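Residue numbers (my numbering), protein chains in the order written: chain A, 3 to 225; chain C, 3 to 225; chain F, 3 to 225; chain P, 3 to 225; chain G, 3 to 225; chain V, 3 to 225; chain D, 3 to 225; chain U, 3 to 225.
Hints are supplied without guarantee of correctness; some may be wrong.
Claimed, not checked - Partner residues aside, some chain P positions facing chain G, computed with beta carbon under 7 Å:
#1 41
#2 207
#3 211
#4 212
Derived by calculation from the structure, the hints in this document are not laboratory data.
All values reported here derive from a predicted model rather than from experimental measurement.
Beta carbons: idealized from backbone N, C-alpha and C, even for Gly.
Below are the chains, spelled out letter by letter.
8 protein chains.
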Amino acid sequence: MKIAANSKLVMIGDSITDCDRARPIGEGRDDALGTGYVSLVDALLKTACTEPAKVSVPTANIRIINMGISGNTVRDLQARWQTDVLDLQPDWLSIMIGINDVWRQFDSPLQRERQVSLEEYGRSLTHLVATTRPHLQGLVLMTPYFIEPNPNDPMRAMMDSYGQVVREIAFANDAVFVDTQAAFDRVLADVHPMSLAWDRVHPNLTGHMILARAFLEGVGFTW
Amino acid sequence: MKIAANSKLVMIGDSITDCDRARPIGEGRDDALGTGYVSLVDALLKTACTEPAKVSVPTANIRIINMGISGNTVRDLQARWQTDVLDLQPDWLSIMIGINDVWRQFDSPLQRERQVSLEEYGRSLTHLVATTRPHLQGLVLMTPYFIEPNPNDPMRAMMDSYGQVVREIAFANDAVFVDTQAAFDRVLADVHPMSLAWDRVHPNLTGHMILARAFLEGVGFTW
Amino acid sequence: MKIAANSKLVMIGDSITDCDRARPIGEGRDDALGTGYVSLVDALLKTACTEPAKVSVPTANIRIINMGISGNTVRDLQARWQTDVLDLQPDWLSIMIGINDVWRQFDSPLQRERQVSLEEYGRSLTHLVATTRPHLQGLVLMTPYFIEPNPNDPMRAMMDSYGQVVREIAFANDAVFVDTQAAFDRVLADVHPMSLAWDRVHPNLTGHMILARAFLEGVGFTW
Amino acid sequence: MKIAANSKLVMIGDSITDCDRARPIGEGRDDALGTGYVSLVDALLKTACTEPAKVSVPTANIRIINMGISGNTVRDLQARWQTDVLDLQPDWLSIMIGINDVWRQFDSPLQRERQVSLEEYGRSLTHLVATTRPHLQGLVLMTPYFIEPNPNDPMRAMMDSYGQVVREIAFANDAVFVDTQAAFDRVLADVHPMSLAWDRVHPNLTGHMILARAFLEGVGFTW
Amino acid sequence: MKIAANSKLVMIGDSITDCDRARPIGEGRDDALGTGYVSLVDALLKTACTEPAKVSVPTANIRIINMGISGNTVRDLQARWQTDVLDLQPDWLSIMIGINDVWRQFDSPLQRERQVSLEEYGRSLTHLVATTRPHLQGLVLMTPYFIEPNPNDPMRAMMDSYGQVVREIAFANDAVFVDTQAAFDRVLADVHPMSLAWDRVHPNLTGHMILARAFLEGVGFTW
Amino acid sequence: MKIAANSKLVMIGDSITDCDRARPIGEGRDDALGTGYVSLVDALLKTACTEPAKVSVPTANIRIINMGISGNTVRDLQARWQTDVLDLQPDWLSIMIGINDVWRQFDSPLQRERQVSLEEYGRSLTHLVATTRPHLQGLVLMTPYFIEPNPNDPMRAMMDSYGQVVREIAFANDAVFVDTQAAFDRVLADVHPMSLAWDRVHPNLTGHMILARAFLEGVGFTW
Amino acid sequence: MKIAANSKLVMIGDSITDCDRARPIGEGRDDALGTGYVSLVDALLKTACTEPAKVSVPTANIRIINMGISGNTVRDLQARWQTDVLDLQPDWLSIMIGINDVWRQFDSPLQRERQVSLEEYGRSLTHLVATTRPHLQGLVLMTPYFIEPNPNDPMRAMMDSYGQVVREIAFANDAVFVDTQAAFDRVLADVHPMSLAWDRVHPNLTGHMILARAFLEGVGFTW
Amino acid sequence: MKIAANSKLVMIGDSITDCDRARPIGEGRDDALGTGYVSLVDALLKTACTEPAKVSVPTANIRIINMGISGNTVRDLQARWQTDVLDLQPDWLSIMIGINDVWRQFDSPLQRERQVSLEEYGRSLTHLVATTRPHLQGLVLMTPYFIEPNPNDPMRAMMDSYGQVVREIAFANDAVFVDTQAAFDRVLADVHPMSLAWDRVHPNLTGHMILARAFLEGVGFTW
């Protein structure tokens, strides 16, 4: 398990991360972590304490803060990076961004000012990671995804190119790389996208469990 | 224009037809016809009266009743056929059914009793049409559709096979055949499904206008 | 078709234009364009792309922004002209204003400070048009209307005089002139106002389709 | 004053009478009489008791029951006559019906089964009055109205013909005749319909006060 | 009739005046004047125009603005006098205040800072009237009241002493004096307070009609 | 303390007893006993268990069921006596009824069928008590009350006569007699009714505590 | 993994199972399985299909139906056993009942008819299991629990005795036995009950994950 | 009775004190004092005036202001001490704080910045009391509590240590000391915590009556 005991882990992203988390800081009792993969990661880590023999490090005291905001692109992350990441002084940071950067090019093709090009995406994410990495014990970079098995679908194809950028930034910055698209692709070999998400973006609980599991495997947690 | 003046037209179907129409009978002031293609067909026909020189028959006095119910399959239509179609004594009838028959096989693959197979679909629709056609002046059969350009997508492929059944029943029963899938395909040549419907099933206003236009072309109405 | 491909069209006005559009900018997914004639214009233009052979220019990529606000008079337009029109840098602009300028003189006869006289109306609209026209590729001026067939009704008579001012400004400024009153009058030859609008001002969907059609004919769009 | 002390007066009609009265019986504290002319009649009668010298009979103890139901035609009155009039054993009865009988012919011209023709209207009202009059001390018949000053407006013209029927029935049955249309016409000589009712049917408080005053003058009450 | 045609009349007071009037200025369509005596005064004046022969001056064009605020004492009036009275430049002004000044001494006996003594009440009201009267064509002073027939009830007795102050200020300032307590007392000779107001303060519609009538008699209006 | 340990006590009455108790049976967690004197009696009895030395019998296990219903008269009690009292098989029963029997004669003087005369009140209550008393270990009869110190107020005077009937029935049936009017009168010697209840009927918490205390003194409970 | 592919698994119980599941049958899209351990079990099984190499049998096609109802005791299960279990013809059945059977003895000690004694609990559960087991491929019996580490707490002690009954019935009927109390006890060694459930009964997501994990371990599922 | 007639008593604390009191100042009619022990103390004091012979001083005119705020720790009290205590110029002050100071250490163990240690608690409370005591006629210090009978429960044990600090500060500052934990412990000898509070913190009405009684005994009030 890569995350040390007593670490503070901030997870930032868009609606997939947000899932109705508490405001302004996504931490606390009840549904403060939202109802998505962040809360599942938290619950799975905390449950593990029940059998210390099975885990290499105690994970129940890892402190998780959800800072996702629905609709965000990497441009929005940049605008709130100081208050929503740096000021929280995390030990570990997890970023999953890019779905809206791509999506706006397909559902709002005429509103070009709301879209984030591949070039801007790569440049901005590189900048955020480069300036933040030195202050962190660890960093997790999760790709954006599109729950669409057809690689020739234009939105899927573009999403893959954004995911490739994430992969490159991860390796260049000693970050844990989590390929969420690959995790979904494994499931899509068996089921149709309709059984995971009506819009192929916002998954049901099974889809969030896939994300949580991909994250946990990335950081070396075994249940 | 095929529909005669002063005709009563009943339009039945699923959520695409329903769109929050009035209960129990979808007719009257305000939003009684719902907010989908049925109300657009009605508005376009009534508007046409403004320029009588341009239309072969007066269309403003065609009476439209929306009897769609969200979630319906052809099995549900059968159960309410007497009260919701025959008792209303329509001159013309329009049917668009089949999306849910197919969809349940993909979003609820384990609940097999909620699914309607191709065989049952064809048999039931044939029965409804055969027993009703003699009482009608005219019948319109609209195919189900899936706003997915990839013909190899399993749900699209299956939807096409259901649409083929509609085509056959239409020709065998002297019905107007409206190929809604073809109407969407023409638009999908230019735009991504995301700009028409997040779930590729429930369209935005542009999508409903496509349906209304396809219907009106089918019955020979030119604006 | 007068509006060139890839144009940005801002449509401003009162409640007839507004129809619950998104705030602060009336553009985007779902019902961002409201539920009135603006959204119908948008849907009809976008639908047209399905049959390129029938249209002289591609219209699906015309970008429409709804900036109507319920209750507005031309005095209100003036107050928000910089932020709500000029800052958006439209290629084309459509204005439909005047109904409330007249209406307040009849439903609130004692509150004279809420009324806009014919003289002020003409002066203000002339000023707005004169200073804005040079920055536009094209301008559409739509008359206000009153869905009342009796020309001797005092509110109808006054509305006609405001519409006459619009006509004069349109011709003096090389603008497309859309006579919405005439469009309604054609329908009123056949039906009573009650079938279009309970208050003879806010039309139902048929009435909005009449407006959309009048606008589209004005700009040379044929379906 | 024609209504004797301690009388029970039932007032029946459509939405103009209803005005959110209590169900199932429109009598009691708070807004049980609704917010329209019925409650104003009640308040004016009860207020009068303050100056006994000015009134010929004490009116404060006249008991009023509001049995109006929104949307009703004379056909609806017939269906509930036993429970909503006869079972209440009124001393006096007031009827104002006919607006919807006419209105449906203009706002829903295609739904002919919802309309009540002049012939049916006259026949039904005659029957109700003839069978009920013998059980009453007094009867008040109020005409329907349309707040439209143009006598050539088709809906106004038709409403006048229904009002003429009421007049004839009143005189044939020794009933107090209240010409509500004439009461509104006097006001319309000075103001536009828009200052009384946006839809020319449902009046504001001034309009209801006109109705209350017309009723009270009819029964000989002087404030 | 003392109020001249085309006058602007501002009516200020507490919850009896307020009755859910529009904010910030109590004027306009619908229920902008609230549901109490102010709206009844307005409706009775406007109705009167129907029979010009009966009224000495036309009253339909008197403009009424309701500036009551629930819970107010004379101390609260003082704090908002500039914006809520003087800035509106009324021709006529009506004031009914004092109920809460007294009431707080009985329902909140321990919160002495919320109570307004007789001395402060007289001093403040005198000041407001003296400085405002010169700018007015006419002034109406209405007493506070308590719908309690027992003159020995301590709250009734104290209310009477506040009303006496109003009477003195009225006569000293050439104001129309309206004795609302006397108006209620005439009704209370016949009925129990429970039939007018559950709390003996906030009357039902009959009670508000009593207030409207007392006001109109004060200004010389005869229906 | 007269009520034995482990007794079941049903308390029935009108809105003063009801206070939003649970339906259909007023017993259970949270606010099942309502927010009035019944819940205070329950809390005071249960609290007493903390100091067993001070109480003659343990009172914490007395089971209380609230069966009050707002608006009830003794006529309503009669109609639900079997299900709401007898079927619950109480050991002790408490009845407080009569306020509405009197009140309707003052706030709804014209609706005579809703009023319960003194004669009917006495007859009905006598019948209920006589047939039920043999099945009970103990019975508490609480008078109705009116929080009005003036004995000449007609409603107070009538309420006293109903309370006198309760007293007589109590003594004739070996019941505990609780004079709630006397309990309020003691407080009214010091404060105005306005500090206890705006309508002189529905008390605030202080008023309910007065009722609870009167009840507990009646059954011999000392805190 | 004990549950075979394509099995139908019904899970029944109280509020811990219910968690706002769909009615009347807890199966379908969105939150039909509720937000508790049942949905977590479902998501974990479905996720597992992503790595077929790691699981002995495919688990993604196990069909789960949630039939929990808040507040239920074993007595309530008995009353709905035919419709809610037998009629659904499950292959596997899971039962977790008993918390309310015990709880009512502590939070509602006086309402004895709502409590289920240990004797009745054992007898009823034995009967249900004995008559149902023959129709099942497999049965899972989960103990009730109380998130209280103090074994001498009376409610914990009683809960343990009910859990012991479950254990005995499980062994006598070849059922999978899931000791939920033991699962919670392992966590309680490290954290206070307050971090899992404010009332020590209804757990947060971590608590539900503990239950899901205990269930899955019982049926031999390894992630 | 220690509190003199006509005193002003401010009661400050957390959610146990708050109970939905009015904002910003918790005083006035209706539920301004909230629905907890503060309102019970007020009602019991005011009721006592009914029998002056039984009380040493009149208590009905003691003025109570509730300044509790849910979730507060002593750190929060410090931040609002000037506006919420000193500015109100109380004669007597009551403080019950500490539950959240302790609770956050158990339900949110990882959010250490939200927790208040015993050292900080003692230091802050000592400071507040020391600087305020000289301005008061009297001070009441109530301990925090945990409705848990097991003295070895870690949260109960920690709560006892905070209560011990309160005791010491009380004796050092001539304050009335109210041991709420002891008051609850007496009840817990007979009943399980579940019958007083589901979360062992927020009590039902019985629990609030225990607190009210403990307070009143502390200040020498005998009913």
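These are the hints, each one checked on the structure:
no., hint, verdict
1, 41, "holds (6 Å)"
2, 207, "holds (4 Å)"
3, 211, "holds (4 Å)"
4, 212, "holds (5 Å)"
Consistency with the previously given hints is maintained throughout, with no hint failing.
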